[in-house]
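Protein chains: 2
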Amino acid sequence: MFSQINPQLIRNLEKLGLTENEARTYVGLVSLREATAREIHELTNVPRAKIYEILKVLAKKGYLEVRQGSPTYFRAVDPKQVIGKIKDEFINCAIESLDQLNELSYELPKTSSVWCIQSDWGIKNRIREILSGVKEELIVFSSNPEFLKEFEPELKNLEKTCSLILIVNELDRFRSLPFEFRETTKEFTDFLNNIVIEGIRYDEEFFMIADGKVSIGVHRAGNKREAVVIKLPIVCYMQKMIYNRVLEPSFVKKER
Amino acid sequence: MFSQINPQLIRNLEKLGLTENEARTYVGLVSLREATAREIHELTNVPRAKIYEILKVLAKKGYLEVRQGSPTYFRAVDPKQVIGKIKDEFINCAIESLDQLNELSYELPKTSSVWCIQSDWGIKNRIREILSGVKEELIVFSSNPEFLKEFEPELKNLEKTCSLILIVNELDRFRSLPFEFRETTKEFTDFLNNIVIEGIRYDEEFFMIADGKVSIGVHRAGNKREAVVIKLPIVCYMQKMIYNRVLEPSFVKKER
DNA sequence: ACATCTGTTACCCCTAATGTAACAATAAAC
DNA sequence: GTTTATTGTTACATTAGGGGTAACAGATGT
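Residue numbers (this note's numbering), protein chains in the order written: chain A, 1 to 256; chain B, 1 to 256.
Everything labelled a hint here was simulated from the structure, so no lab data went into it.
Take these hints with a grain of salt, some might be off.
Repeated chains share a single entry, so a pair holds when one copy, or any two copies, can fit it.
Dumping the calculated EDC-like pairs for lysine to aspartate or glutamate here, alpha-carbon to alpha-carbon at most 16 angstroms [unchecked claim]:
| id | residue 1 | residue 2 |
| --- | --- | --- |
| 1 | 50 | 22 |
| 2 | 15 | 88 |
| 3 | 60 | 120 |
| 4 | 15 | 89 |
| 5 | 56 | 120 |
| 6 | 61 | 226 |
Construct all of the structure, not just a fragment, from the sequences and the given hints.
What follows is the structure, given as structure tokens:
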């Protein structure tokens with residue numbers, strides 16, 4: 001019978017530190033419960049010549065048990081134990097690393113300047129960091145409900161302690177979120193949607209000014225998302241002025 | 001200034017999935033807080049030609065932020081965030097793997113037979129598994145207090161629910177443990193300490209029979225520790241007979 | 001006596017990671 | 001404005017680890 005091996009499982013085990021052949025061998029042995037080298041080889045297609053060395057390594061790591069003989073039989077240790085061990089070792093390693101990194105007398109750098117963030121995770125991470133530092137006033141613009149929704153809890157909290165201004169381009173698309181929004185004019189929306197610099201179109205997805213000191217803008221350039229953090233007070237001041245203009249009565253439609 | 005980089009930290013970060021150069025670069029940047037490619041290169045000795053590609057990769061992963069310019073500046077993201085992310089991803093991967101392994105209709109194999117365990121961790125793991133299944137009677141022999149101590153909590157529990165017989169070779173060395181021990185004769189100790197098969201000396205460190213059904217013996221062969229699990233009832237019966245003989249009045253010294 | 005199977009060894013191949021050297025583009029210095 | 005140094009890029013050499021194949025001695029079974 002062809003008990004096909006789940007390739008996703010193999011890739012996961014590789015991420016946990018096993019080689020491909022080690023992963024295939026262990027998975028094969030878990031499937032078979034108890035088997036000879038040949039049986040594992042036939043199920044997993046790991047070259048028979050390689051199996052023996054791999055089985056030795058796995059046995060030495062404690063992932064399987066051995067019954068000597070001709071042929072020698074092998075038995076997989078309960079995955080819960082094996083994965084648990086791998087996890088524990090990894091966590092210890094992570095904790096140790098963090099301690100050592102912190103020993104480098106690291107402080108959150110408070111350099112007033114401009115930074116560009118290229119990863120989605122990094123962007124959201126930084127937004128949360130900024131949100132956690134807001135004291136008095138937060139101005140947020142968003143053209144993407146899904147993106148904004150990610151920060152719903154943080155924003156809900158800030159609503160209580162500071163002046164929170166949420167600006168969106170289309171009220172309808174944000175109905176599902178429990179906030180009071182202000183809508184920009186089509187004029188402004190079109191302006192944001194058609195920023196083209198050197199042939200590349202920039203879609204502004206999100207923008208935020210915290211206490212008039214820190215701003216972060218998230219946009220798509222081509223098909224990559226990118227964020228720019230600006231901590232220069234002057235720039236933030238200017239940005240705030242622009243958004244204030246957007247909020248002028250003649251420029252804004254209040255919720256109907 | 002020669003802020004020497006902690007090689008242990010680099011190795012740890014490698015275990016967390018970074019390459020050596022990625023690790024050096026990130027650590028360098030954490031040390032410098034904010035730096036150009038050249039500065040990182042000078043601190044870490046990562047070839048300058050390589051730095052740029054590596055910095056791109058790290059930025060894409062969200063581990064650092066970028067300020068474009070000439071030269072371009074880089075800034076490390078807080079290690080707590082970075083390590084935290086790596087950890088989360090790993091844990092998710094571990095959980096997923098475990099689920100998938102369990103889907104292979106795996107059951108704890110209850111094969112009556114003989115297995116050999118080569119890793120310390122695997123040995124202790126298996127002993128715990130056996131201890132957790134004891135119903136009525138447990139016979140334990142140990143010549144190594146440290147090793148026995150590892151199972152103190154489990155044994156203390158079993159003491160209440162079943163007949164627990166602990167045999168040691170030298171009472172004095174086990175005084176620190178809160179159990180009532182029986183001591184074997186010197187005759188028997190000598191016998192255990194001088195088992196030589198094909199030039200290799202076997203030191204029996206630990207032995208255990210659970211409910212007369214499962215036995216596990218831990219010994220040192222050469223300088224490697226090894227354990228043998230035997231689930232054949234007949235063998236266990238014989239082993240039990242031997243240990244019972246060791247406990248006969250004429251053969252045993254009761255605690256003085 | 002023969003065929004089969006087990007466990008081992010010796011190779012080759014490929015890829016990822018690293019290291020080195022050289023070069024164009026840019027910025028700085030004179 | 002010309003020269004010099006720096007930045008960022010590209011191409012190539014080297015290495016180590018993992019993977020695949022072939023062949024073999026020894027054990028097992030018919």
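These are the hints, each one checked on the structure:
1. In this assembly of identical chains, residue 50 and residue 22 lie within 16 angstroms of each other by CA distance solely inside one copy; the values are 10 angstroms within and 31 angstroms between copies.
2. Taking CA atoms no more than 16 angstroms apart as the test, residue 15 paired with residue 88 passes in both settings, with 15 angstroms inside one copy and 13 angstroms between copies.
3. Within a single copy, residue 60 and residue 120 get their C-alpha atoms only as close as 40 angstroms, which misses the 16 angstroms cut-off; across copies the closest is 9 angstroms, which meets it.
4. Proximity of residue 15 to residue 89 under the C-alpha cut-off of 16 angstroms is found in both arrangements, the shortest distances being 14 angstroms within a copy and 10 angstroms between copies.
5. Within a single copy, residue 56 and residue 120 get their C-alpha atoms only as close as 42 angstroms, which misses the 16 angstroms cut-off; across copies the closest is 14 angstroms, which meets it.
6. When the C-alpha separation of residue 61 and residue 226 is checked against a cutoff of 16 angstroms, the pair qualifies only between copies, where the shortest distance is 12 angstroms, while the shortest distance within a copy is 43 angstroms.
No hint from the list above goes unmet by this structure.
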